[in-house]
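Under the numbering used here, the first residue of the sequence shown carries the number -19, and numbering increases by one thereafter.
Watch out, some of these pointers could steer you wrong.
[Said to hold, decoys possible] Just the calculated beta-carbon pair ranges, DEER-fashion: (1) F36 to A68: 26 to 32 Å; (2) E(-9) to D43: 30 to 36 Å; (3) S10 to S60: 26 to 32 Å; (4) D54 to D31: 30 to 36 Å; (5) R63 to K(-8): 32 to 38 Å; (6) D40 to G14: 28 to 34 Å; (7) K27 to K(-8): 15 to 21 Å; (8) F36 to I12: 14 to 20 Å; (9) L29 to D54: 19 to 25 Å; (10) Y38 to R66: 23 to 29 Å; (11) K27 to K52: 27 to 33 Å.
[Unchecked claim] In silico DSSO-like links for lysine-lysine, alpha-carbon gap of 27 Å or less: (12) K27 to K3; (13) K52 to K(-8); (14) K71 to K52; (15) K4 to K(-8); (16) K3 to K52; (17) K3 to K51; (18) K27 to K51; (19) K51 to K4; (20) K(-8) to K3; (21) K27 to K52; (22) K(-1) to K71; (23) K(-8) to K27; (24) K4 to K27; (25) K3 to K71; (26) K4 to K71; (27) K4 to K52; (28) K71 to K51; (29) K71 to K27; (30) K51 to K(-8); (31) K52 to K(-1); (32) K(-1) to K51.
FYI, nobody ran anything at the bench for these hints, they're computed from the structure.
Because the structure is a prediction, the values reported are computed rather than measured.
Each residue gets a CB set at the ideal place from its N, CA and C atoms; glycine is no exception.
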Amino acid sequence: MKSTFTTISNEKLRTICEKYGIKKLSIFGSSIHGTANSESDLDILVKFLPDRTPGFAYIDLEDELSALFQKKVDLHTPPSLSRYFRAAVVKEAQMLYAHS
């Protein structure tokens, strides 16, 4: 399956990340392991700028990213991941955006 994250608009991704105060956005899971199929969601790890936690807009962010990647996005923050595999996810995640 072709990776959808390699064909997205960097400008659109940057616009979304700036809108929601994202410091860093990375992908992890089956999409980077080459095991994703047409039914797979896209696991995204986000870290927000200190003063920009989105609150209820978190759902809007997930929806906008799903539209951009044209597949369901499963959005995570480092604290939302299980402590049993958090370090491994953070280590393997492939960054798509970093706030400059």
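For each hint, the structure was consulted:
| no. | hint | verdict |
| --- | --- | --- |
| 1 | F36 to A68: 26 to 32 Å | 30 Å, holds |
| 2 | E(-9) to D43: 30 to 36 Å | 19 Å, violated |
| 3 | S10 to S60: 26 to 32 Å | 18 Å, violated |
| 4 | D54 to D31: 30 to 36 Å | 25 Å, violated |
| 5 | R63 to K(-8): 32 to 38 Å | 33 Å, holds |
| 6 | D40 to G14: 28 to 34 Å | 30 Å, holds |
| 7 | K27 to K(-8): 15 to 21 Å | 20 Å, holds |
| 8 | F36 to I12: 14 to 20 Å | 29 Å, violated |
| 9 | L29 to D54: 19 to 25 Å | 22 Å, holds |
| 10 | Y38 to R66: 23 to 29 Å | 19 Å, violated |
| 11 | K27 to K52: 27 to 33 Å | 21 Å, violated |
| 12 | K27 to K3 | 5 Å, holds |
| 13 | K52 to K(-8) | 17 Å, holds |
| 14 | K71 to K52 | 23 Å, holds |
| 15 | K4 to K(-8) | 15 Å, holds |
| 16 | K3 to K52 | 22 Å, holds |
| 17 | K3 to K51 | 23 Å, holds |
| 18 | K27 to K51 | 21 Å, holds |
| 19 | K51 to K4 | 20 Å, holds |
| 20 | K(-8) to K3 | 16 Å, holds |
| 21 | K27 to K52 | 19 Å, holds |
| 22 | K(-1) to K71 | 26 Å, holds |
| 23 | K(-8) to K27 | 18 Å, holds |
| 24 | K4 to K27 | 5 Å, holds |
| 25 | K3 to K71 | 17 Å, holds |
| 26 | K4 to K71 | 13 Å, holds |
| 27 | K4 to K52 | 20 Å, holds |
| 28 | K71 to K51 | 24 Å, holds |
| 29 | K71 to K27 | 14 Å, holds |
| 30 | K51 to K(-8) | 16 Å, holds |
| 31 | K52 to K(-1) | 20 Å, holds |
| 32 | K(-1) to K51 | 20 Å, holds |
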